[in-house]
Each structure stands twice: as C-alpha cells, then as structure tokens.
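Trainee: Sequence:
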Amino acid sequence: MLLLYKKLLPVCEGERWPNLSLSSEASRLFVTWSILYNYPEALEDAFNSMEGVLCQKAEGAMYLFPRIKLPEKAIEAAKKASSSHRH
Numbered sequence: 001m002l003l004l005y006k007k008l009l010p011v012c013e014g015e016r017w018p019n020l021s022l023s024s025e026a027s028r029l030f031v032t033w034s035i036l037y038n039y040p041e042a043l044e045d046a047f048n049s050m051e052g053v054l055c056q057k058a059e060g061a062m063y064l065f066p067r068i069k070l071p072e073k074a075i076e077a078a079k080k081a082s083s084s085h086r087h
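Position 60, counted from 1, in the sequence shown is what the working numbering calls 60; the numbers after and before it change by one each time, with no gaps.
Any given hint might turn out to be false.
[Claimed, not checked] In silico DSS-like pairs for lysine-lysine, Cα to Cα no more than 27 Å straight-line:
hint: 1; residue 1: Lys69; residue 2: Lys79
hint: 2; residue 1: Lys69; residue 2: Lys57
hint: 3; residue 1: Lys69; residue 2: Lys80
[To be verified] Distance ranges between label pairs, derived from CB positions:
hint: 4; residue 1: Gln56; residue 2: Ala81; range: 22 to 32 Å
hint: 5; residue 1: Ser82; residue 2: Phe30; range: 28 to 38 Å
hint: 6; residue 1: Glu76; residue 2: Ser27; range: 28 to 38 Å
hint: 7; residue 1: Ala81; residue 2: Ser34; range: 39 to 49 Å
hint: 8; residue 1: Leu29; residue 2: Lys57; range: 48 to 58 Å
hint: 9; residue 1: Ala81; residue 2: Asp45; range: 43 to 53 Å
Everything labelled a hint here was simulated from the structure, so no lab data went into it.
Since the model is a prediction, treat every value here as computed from it, not as a measurement.
All C-beta atoms, glycine included, are put in the ideal place defined by N, C-alpha and C.
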C-alpha cells in the first residue's frame with residue numbers, strides 16, 4: 001500500500017511525508033482523499049502510456065473516456081467474423 005500511496009501522493013522536494021500510521025482517523029481520511037484526488041490523473045497517465053490509446057484529462061468528476069485506436073487488420077477481422085455469423 002505504501003508504494004501506491006507514494007505513486008498517488010507525490011511529495012515535493014523539501015517536503016516530508018505525512019505520518020501514514022493508519023491508526024489515526026485523520027491519517028486515513030487524508031490518505032483516502034489524496035488517492036481520490038490524484039487517482040484520475042494516475043489513471044489518465046496509465047491510459048496514455050498504452051499504445052493506441054488516447055485519454056483526455058478528467059475535468060470535475062472522475063470520469064475518463066479513453067479512445068482506443070484499433071489496427072485496420074483487427075477491424076477487418078471483426079467485420080469478417082460478424083458477417084460469417086449472420087449467414
């Protein structure tokens with residue numbers, strides 16, 4: 001979990017990590033809020049790192065709409081498979 005926190009809760013140079021002992025309610029709330037706040041950006045980065053996938057920034061809510069570009073061969077194969085099932 002700590003590795004996930006470090007990915008989603010970046011600390012600026014010169015700053016210290018907050019005490020992440022999950023025994024305190026404040027720490028749990030901070031961690032939950034920070035993950036939810038940073039999650040869309042981390043997910044957007046993950047989508048954009050994939051070949052053939054483009055994703056715009058999430059604005060407001062946490063909705064992301066990745067656009068997947070399929071190779072022409074895959075589209076042709078799907079059309080062929082679809083037409084063979086109709087007959």
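Trainee: Any hints from earlier that this structure breaks? Give me their numbers in increasing order, please.
Mentor: Structure breaks hints 5, 6, 8 and 9.
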